[in-house]
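Given only the sequences and the hints, what does the whole structure look like? Please build it.
Residue numbers (this note's numbering), protein chains in the order written: chain A, 1 to 299; chain B, 300 to 706.
Since the hints were derived computationally from the structure, they do not count as laboratory data.
Be aware that a few hints might be false.
[To be verified] With a straight-line Cα cutoff of 30 angstroms, these simulated DSSO-like cross-link-like pairs (lysine-lysine) come out: (1) A:Lys155 with B:Lys696; (2) B:Lys461 with B:Lys398; (3) B:Lys413 with A:Lys155; (4) B:Lys574 with A:Lys269; (5) B:Lys696 with A:Lys137; (6) B:Lys481 with B:Lys569; (7) B:Lys657 with A:Lys269; (8) B:Lys414 with B:Lys364.
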Amino acid sequence: MEQNNSLPPFQGLASPQGAMTPGMPIFSPMMPYGSGLTPQPVTNTNSLSLLEEQHRQQQQQQASTQQGGVSGSSGQTPQLYHSQTVTTTTLPGNTPLYTTTPLTPMTPITPATPASESSGIVPQLQNIVSTVNLGCKLDLKTIALRARNAEYNPKRFAAVIMRIREPRTTALIFSSGKMVCTGAKSEEQSRLAARKYARVVQKLGFPAKFLDFKIQNMVGSCDVKFPIRLEGLVLTHQQFSSYEPELFPGLIYRMIKPRIVLLIFVSGKVVLTGAKVRGEIYEAFENIYPILKGFRKTT
Amino acid sequence: MATVGLKCPECGSLDIVDDEHYSQPQLVCADCGAVVSEGLLTTTRSEETQGTDVRYSNSTEVDKKPCRNLINGIHRVRALCRILRLTFLMEETAETHFKQAYEHPNFIRVSLQKKEVLAGCCVLATCRQHSWPIAMGTICCLLEANPRLIGVVYQEMVKTLKIEAPPTSIINLLETHCQAYKLSPQHVHEELSESSKDLTKRAAVLLELAADAWLVTGRQPIPILTASIFLAWQSLKPTQTRLKYTLARFCQMAKVTKSSIAPKRVTELKEVLCKLGQELPWLRGDEVTPQTVIQMVDDILNHRLTLLRRALSSHEEALASESPDTGSVQQQGDHSQPSVPNSGKRSLFEPPSVRYAKIRRVQVPVVEVTGDEEISDSEIDSYIRTPQEIRDYVEAKEALASSDDEL
Numbered sequence: 001m002e003q004n005n006s007l008p009p010f011q012g013l014a015s016p017q018g019a020m021t022p023g024m025p026i027f028s029p030m031m032p033y034g035s036g037l038t039p040q041p042v043t044n045t046n047s048l049s050l051l052e053e054q055h056r057q058q059q060q061q062q063a064s065t066q067q068g069g070v071s072g073s074s075g076q077t078p079q080l081y082h083s084q085t086v087t088t089t090t091l092p093g094n095t096p097l098y099t100t101t102p103l104t105p106m107t108p109i110t111p112a113t114p115a116s117e118s119s120g121i122v123p124q125l126q127n128i129v130s131t132v133n134l135g136c137k138l139d140l141k142t143i144a145l146r147a148r149n150a151e152y153n154p155k156r157f158a159a160v161i162m163r164i165r166e167p168r169t170t171a172l173i174f175s176s177g178k179m180v181c182t183g184a185k186s187e188e189q190s191r192l193a194a195r196k197y198a199r200v201v202q203k204l205g206f207p208a209k210f211l212d213f214k215i216q217n218m219v220g221s222c223d224v225k226f227p228i229r230l231e232g233l234v235l236t237h238q239q240f241s242s243y244e245p246e247l248f249p250g251l252i253y254r255m256i257k258p259r260i261v262l263l264i265f266v267s268g269k270v271v272l273t274g275a276k277v278r279g280e281i282y283e284a285f286e287n288i289y290p291i292l293k294g295f296r297k298t299t
Numbered sequence: 300m301a302t303v304g305l306k307c308p309e310c311g312s313l314d315i316v317d318d319e320h321y322s323q324p325q326l327v328c329a330d331c332g333a334v335v336s337e338g339l340l341t342t343t344r345s346e347e348t349q350g351t352d353v354r355y356s357n358s359t360e361v362d363k364k365p366c367r368n369l370i371n372g373i374h375r376v377r378a379l380c381r382i383l384r385l386t387f388l389m390e391e392t393a394e395t396h397f398k399q400a401y402e403h404p405n406f407i408r409v410s411l412q413k414k415e416v417l418a419g420c421c422v423l424a425t426c427r428q429h430s431w432p433i434a435m436g437t438i439c440c441l442l443e444a445n446p447r448l449i450g451v452v453y454q455e456m457v458k459t460l461k462i463e464a465p466p467t468s469i470i471n472l473l474e475t476h477c478q479a480y481k482l483s484p485q486h487v488h489e490e491l492s493e494s495s496k497d498l499t500k501r502a503a504v505l506l507e508l509a510a511d512a513w514l515v516t517g518r519q520p521i522p523i524l525t526a527s528i529f530l531a532w533q534s535l536k537p538t539q540t541r542l543k544y545t546l547a548r549f550c551q552m553a554k555v556t557k558s559s560i561a562p563k564r565v566t567e568l569k570e571v572l573c574k575l576g577q578e579l580p581w582l583r584g585d586e587v588t589p590q591t592v593i594q595m596v597d598d599i600l601n602h603r604l605t606l607l608r609r610a611l612s613s614h615e616e617a618l619a620s621e622s623p624d625t626g627s628v629q630q631q632g633d634h635s636q637p638s639v640p641n642s643g644k645r646s647l648f649e650p651p652s653v654r655y656a657k658i659r660r661v662q663v664p665v666v667e668v669t670g671d672e673e674i675s676d677s678e679i680d681s682y683i684r685t686p687q688e689i690r691d692y693v694e695a696k697e698a699l700a701s702s703d704d705e706l
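Below you can see the structure in the form of structure tokens.
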């Protein structure tokens, strides 16, 4: 059997025409819209309808059974998390879902890192995507006609794109009555924005409700403040990482627990996405930080 | 019941059914079995392929004769392997990958274009598994396909087949890349020629230096390879003729496609060399410019470790002399988050994305909300058009539509 190892591998086309940097990264982080099983946080609401009141109570029951018994990871002090941590007002007579101790991931999977090793860096949330069901069929043409902040181009996309100024968000409103709200920087802002959109649709004459509000995806980012050797990281964590400099300048790290996708760049900036709750982002970052520190190289 | 109103001539029953006798359609009476009428015995080719009730993919033909596209794909994989002169074992591996991927539900229904690209991706994955250095750009060039599409299909294929294909390191790619440069004495003038071996050796050292200086991570590999080979060529014999050559002219001479990014890499690499060249003791503090550094590259590379150490120490000294002034400013900085400067900035070399950081959009301070605040009516009304506005809008739209019709 002839072996071609002695021959030079390939002549003539090693520097191909297609070597220009692609204009845009080839793939963007996954934004899963799957039906998560994590229960949604309970908050008191100015219910739009009795139906929602019942629904809320159901959610509370679900959530409280799951939440009971989860203790915070030892050693983490309140200062670990930024003041932006959720501080929902507790409903009178109900067990508060979020205690005054910092937010903890629902299912602590990895052993708790002692406080002395914590990074001291808190990822900032950049985008929250949520969905809600307005509970009635909508006439998109009417909405586009009568609302100032709406655009509707049925040939391009089968939904009305509506925007509000405060909180600065965008909503996609479909004729089935389902709505997607994007652009908020926190869970509460997303909820407030979704309620405002529902109120606008109500004022336009539709019997809109506010059912099944659910956070579908959260994106956070932070900076570890040192450059990272991506080539080394992809060699040691091959089963989780994908680093193709010809396609995208960052390394894509798919963490299994929690199920988060991280984009790690040479400058030390990290983008975390795919979370359903804030705690997953914090946990993922605390998991990756010691790994990244290992690839810090000071020349 | 095939046709309404048809009566059997033999027994007079109305129960006539469609029954096919092999390939001949017949109308038969269900009671007495008499053949009422029959169709043509032979069929045309198009009727056979398009008139069937059963789809090709559901028929047994699939097992007996493999799909034409699969055969074409395997031929393509073999052709790519022959062009790249891969070993027999690698060719077989690539074929196996392709067959597995093709028949997987993720790929069986994709467009033909993607199937073509899949062949190239299988070859790429095989090369990586066997540590055969090949860039994705090469596959892109051979298939004449969109690099984005190749990226997408490659990622999906690797995920579907669950294969581990470690990416090629850039040093391994260098030798392959170097072979493409036609700089032997038979191609170019003797003064400009250079042996591939010397060129590769010098370029490898330059590439290592570039990698240490953060010029390689996160960037396209081909431009930096081109840049290091160009500088290697210039520095191996830094005569005036060679120094006068620009990168574009060099690529033209060596019959290699030029890229728009490689000149930037050349500049960055020269900067790094200047920083090190500054530390050469026999220059006694003379300024090293990008123009003059090429002649010194030989010395710089031979003593690069020493020079690196010296450069680092002098850089630290420079920082130390600065820091008593900046230290106090640091303390007065914002308290919201401990603003430790990126340690990359303090070291001698830092990734260009850190050094030339984009100016961030001014962050709007996050307002604390509970999500359940009262929503004022006035705010919502501001998003709804007044009746007058609606009328104006409708009129304007009609006017526009009518003017379009006239045109």
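For each hint, the structure was consulted:
1. A:Lys155 with B:Lys696: holds (17 angstroms)
2. B:Lys461 with B:Lys398: holds (14 angstroms)
3. B:Lys413 with A:Lys155: holds (27 angstroms)
4. B:Lys574 with A:Lys269: holds (26 angstroms)
5. B:Lys696 with A:Lys137: Roughly 26 angstroms separates the two Cα atoms, so the pair holds.
6. B:Lys481 with B:Lys569: holds (24 angstroms)
7. B:Lys657 with A:Lys269: holds (13 angstroms)
8. B:Lys414 with B:Lys364: holds (19 angstroms)
Comparing the model with each earlier hint shows no violations; every hint is respected.
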